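Engineer: Top line first, the protein sequences correspond to chains A and B. Numbering follows my numbering, with no gaps: position 181 of the first sequence is 182. Numbering follows my numbering, with no gaps: position 238 of the second sequence is 247.
Since the hints were derived computationally from the structure, they do not count as laboratory data. Warning: the hint list may mix true and false statements.
What the hints assert, rightly or not - Only pairs whose alpha carbons sit at most 25 Å apart, straight line, appear in this in silico DSS-like list of lysine-lysine:
| no. | chain 1 | residue 1 | chain 2 | residue 2 |
| --- | --- | --- | --- | --- |
| 1 | B | 362 | B | 435 |
| 2 | A | 128 | A | 335 |
| 3 | B | 362 | B | 335 |
| 4 | B | 350 | B | 362 |
| 5 | B | 362 | A | 128 |
| 6 | A | 320 | B | 437 |
It should be emphasised that the depicted structure is a prediction, and the values quoted were computed from it without experimental measurement.
Residues per chain, in single letters:
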Amino acid sequence: MASTPDPRTASSAHAKRTFHPSMLLYDQRYRSITIQIFALFVLMLSAAWLIDNVINNLRLAGRTFSFGFLSQSAGYDINQRPIEYTSQSSHGRAALVGFINTIILAILGCVLATIVGVLAGVLRLSKNWIVSRLVTVYVEIFRNIPTLIWILIFGAVMAESMPAPSSFRGDDPASSMLFDAIAITNRGIYVPSIMFTTELGALPLGPVAPSLNWILVLGVIIAGIFANAALIRHATRVQNATGVRPKTWWKSILILFLPVIVIFIALGAHLEYPELRGFNFAGGTHLRNSFLAMWLGLGFYTGAFIAEIVRGGILAISKGQSEAAFALGLQPGKTMRLVILPQALRVIIPPLISQYLNLTKNTSLGLAVGYMDLRSTLGGITINQTGRELEGMLLLMGVYLAISLTISGLMNVYNSRVKLKER
Amino acid sequence: MSDTHAQTVAYVRSTMIEAADPPSSQTGAIKWMRENLFSGWLNTVLTLMSLLIIWMALAAVGPWLLNSVWTAGSLAECRAVLDGTSGACFSVITDRWHQLLFGFYPPEFYWRPVLALILLFVALAPVLFTALPRKLLIFTALYPFVGYHLLWGGSVWFPVSAALGFVAGFVAYKLLGKVNNLLAIFAAILTPVLWWVFAAGAFDAALSSVMPLGLEFVRSDRFGGFLISLIIGVSGISLSLPIGILLALGRQSDMIFLKTVCVVVIEFIRGVPLITLLFTASLLLNYFLPPGTAFDLILRVIIMVTLFASAYMAEVIRGGLAALPKGQYEAADALGLDYWKAQRLIIMPQALKISIPGIVNTFIGLFKDTTLVVFIGLLDPIGLSNAIRADTNWNGIYWELFIFIGLLFFIFCFGMSRYSMYLERKLKTDHR
Numbered sequence: 002m003a004s005t006p007d008p009r010t011a012s013s014a015h016a017k018r019t020f021h022p023s024m025l026l027y028d029q030r031y032r033s034i035t036i037q038i039f040a041l042f043v044l045m046l047s048a049a050w051l052i053d054n055v056i057n058n059l060r061l062a063g064r065t066f067s068f069g070f071l072s073q074s075a076g077y078d079i080n081q082r083p084i085e086y087t088s089q090s091s092h093g094r095a096a097l098v099g100f101i102n103t104i105i106l107a108i109l110g111c112v113l114a115t116i117v118g119v120l121a122g123v124l125r126l127s128k129n130w131i132v133s134r135l136v137t138v139y140v141e142i143f144r145n146i147p148t149l150i151w152i153l154i155f156g157a158v159m160a161e162s163m164p165a166p167s168s169f170r171g172d173d174p175a176s177s178m179l180f181d182a183i184a185i186t187n188r189g190i191y192v193p194s195i196m197f198t199t200e201l202g203a204l205p206l207g208p209v210a211p212s213l214n215w216i217l218v219l220g221v222i223i224a225g226i227f228a229n230a231a232l233i234r235h236a237t238r239v240q241n242a243t244g245v246r247p248k249t250w251w252k253s254i255l256i257l258f259l260p261v262i263v264i265f266i267a268l269g270a271h272l273e274y275p276e277l278r279g280f281n282f283a284g285g286t287h288l289r290n291s292f293l294a295m296w297l298g299l300g301f302y303t304g305a306f307i308a309e310i311v312r313g314g315i316l317a318i319s320k321g322q323s324e325a326a327f328a329l330g331l332q333p334g335k336t337m338r339l340v341i342l343p344q345a346l347r348v349i350i351p352p353l354i355s356q357y358l359n360l361t362k363n364t365s366l367g368l369a370v371g372y373m374d375l376r377s378t379l380g381g382i383t384i385n386q387t388g389r390e391l392e393g394m395l396l397l398m399g400v401y402l403a404i405s406l407t408i409s410g411l412m413n414v415y416n417s418r419v420k421l422k423e424r
Numbered sequence: 010m011s012d013t014h015a016q017t018v019a020y021v022r023s024t025m026i027e028a029a030d031p032p033s034s035q036t037g038a039i040k041w042m043r044e045n046l047f048s049g050w051l052n053t054v055l056t057l058m059s060l061l062i063i064w065m066a067l068a069a070v071g072p073w074l075l076n077s078v079w080t081a082g083s084l085a086e087c088r089a090v091l092d093g094t095s096g097a098c099f100s101v102i103t104d105r106w107h108q109l110l111f112g113f114y115p116p117e118f119y120w121r122p123v124l125a126l127i128l129l130f131v132a133l134a135p136v137l138f139t140a141l142p143r144k145l146l147i148f149t150a151l152y153p154f155v156g157y158h159l160l161w162g163g164s165v166w167f168p169v170s171a172a173l174g175f176v177a178g179f180v181a182y183k184l185l186g187k188v189n190n191l192l193a194i195f196a197a198i199l200t201p202v203l204w205w206v207f208a209a210g211a212f213d214a215a216l217s218s219v220m221p222l223g224l225e226f227v228r229s230d231r232f233g234g235f236l237i238s239l240i241i242g243v244s245g246i247s248l249s250l251p252i253g254i255l256l257a258l259g260r261q262s263d264m265i266f267l268k269t270v271c272v273v274v275i276e277f278i279r280g281v282p283l284i285t286l287l288f289t290a291s292l293l294l295n296y297f298l299p300p301g302t303a304f305d306l307i308l309r310v311i312i313m314v315t316l317f318a319s320a321y322m323a324e325v326i327r328g329g330l331a332a333l334p335k336g337q338y339e340a341a342d343a344l345g346l347d348y349w350k351a352q353r354l355i356i357m358p359q360a361l362k363i364s365i366p367g368i369v370n371t372f373i374g375l376f377k378d379t380t381l382v383v384f385i386g387l388l389d390p391i392g393l394s395n396a397i398r399a400d401t402n403w404n405g406i407y408w409e410l411f412i413f414i415g416l417l418f419f420i421f422c423f424g425m426s427r428y429s430m431y432l433e434r435k436l437k438t439d440h441r
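Next up, chain A with everything else stripped away, as it sits in the complex (with noise of 0.2 Å):
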């Protein structure tokens, strides 16, 4: 017996020995690494050609590669400005404008479209039969419809189906203001804005330069939501302590807005509303048609979709679960609160961070209504009257790559803080 080996030790044995090339092939634990390194060496040839072509076009057009022009001037104009520009200022100026409203238009776009998206969603689950079927009717033609075209439609409606200026005129005007305060017109929306009696000046930072007013109020605002957030923790401690939770909403209220009325009337904020002077509006703010078109079209076209993940996410929880709530004497509203929606959140939250990735990247759509975006600015007219499109778009990418990835970034911290804990 001995005198014949296992033949799989001595196969395995006579492997370690002779190493054949044929192995890199045949064998399971040579071959990935065989694959991987032709597919780098694949991998770097075509990068090597498309640079090589890249220096070779480049010096055939007796151009340099330099984002040079970044500082020279701009020379256009850009109606919606958030921070101060001119034509004078530098075509880095002007795609930082671009990328502001870039920004305003994603965080708008979003908070319209979660809006509008929960209340669709919520009410085509409803019992009632009419508002589901419009709502139905709602969601599937927004969802079906290209958002460009609802963009240019939304666009049609501002500028085609709204009053003129001038027929606000006169002791009988044809049109008149809601409120008082907020005039509709074929040229944009005007509403009141807000101004400050006590102007603390603006802070030093660089090109942006911040009002020093509504940097407080916003300090103020995050300060209250988290002296709010310890009172919550605060009362849920007491709850789990003695069983017994502590009345909060009034200290609540109190906390949140009894600081900020409090920092607005010392610094004397009133508001200042539209006036009509001449052919046109002035004062308050201007939201302009473009504004308005990108912000709505976009906002009711991801809200539809929304729509679609909240009542997927409601659906998703089993009815057991509802059930259970009021079998242990939870009310409807409670039950809602406390065991459907922080289940339906798991549910919806993966799907919506791609939907708000989706209307982030749909705002550079904004020139087809003429909406002064970063893809308007940099990626179109400074493109247009520099000419350098490689480092322009190289730029254009890799802005839109960091917006990405760090409203990805941000959604996933907060993805995992919801996200079923599984011991």
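With chain A held as given, fit chain B onto it using these hints.
Structural biologist: Same frame as chain A, but now just chain B:
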């Protein structure tokens, strides 16, 4: 006892009274309305608000639609016919429908795209409905070449020589497959490439000079309208699924280098807007290719749209792969299947089934995204609507064009979503 009782009672009813109808508030439409529309104050308010919205929409759009003009030469004529009343001017559609559908495709050749579309449905039928005979798939495989020839025309030998490349690869694979599997795969990739690079051009030229067959050539810049959306959409859809599967498998792979490459590609493409990729196709591609090369803009756009959709597809399929129980992978290993066989026979059929809704959503998104090509100067329906508005006859017309274009997109996208629901129902294997 009972007898005496029987005499004291004058009348005993021996049959049952007919059941009375329930009260009118508990039946029919009224009950339904009470339960579905007015069950509480909130529901009542919602119902009334919905009715108000419907009424306002109908009041605004109804008369305008009913009072529409279909036969006028210009917007001014329309307004003259309407004579101050509100009404739609669908004459722009009757006047320009051929442009919105075909762009500037030569009118005498309209039958070609129409035939290509009909054949597309024939080619799709065996893919979509498994009940049809499998032999039809041969036509599906041939369709890309037939469709190309119908749409662009030119010498018939060009698509034939291109198709011969695939045939050559297949033959090489079959011949060498008996000798050595790995060698056969290499040959199957290498032979078509060699054929296309070295022999196809000569073959095409030789046969074209001997036997000049073919339809008249139509340049790419004549393409437009819904035709271009369909071309980009259909090619993008059919190409993005296989590429997406490969990317998803790469991302799930154990090979760390391949995995990294796939992750970077997917995250990069998903992180930038499609429009920047399209601009890359139209502006930057010349930088990345050898000096002097230029190729068709539609082809470049198809490549970019496909890449974009593939990255999304990869994530959808990755979700499906992740949802599969690990036991399925282990079972495939236990049966002794190699990687590709396990993927083809066990993993993919289940993973793809799980991801059907996501896949179709990606398709719908891709098809809607074809409208973005207007930004790089291709005349898709939106580009043409701008062009039509630039004509003095139709300057200032919006709604009619939007309705027409929107309706076309709606029909296709809604159809796709309904098909996905049908497919989900058909493939559902759990609790029926």
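Engineer: Please go over all the hints and tell whether each is borne out by the structure.
Structural biologist: How the hints compare with the structure:
no.	hint	result
1	362/B x 435/B	holds (10 Å)
2	128/A x 335/A	holds (20 Å)
3	362/B x 335/B	holds (16 Å)
4	350/B x 362/B	holds (18 Å)
5	362/B x 128/A	violated (31 Å)
6	320/A x 437/B	holds (21 Å)
Figure legend: structure checked against the earlier numbered hints; the only hint not met is number 5.
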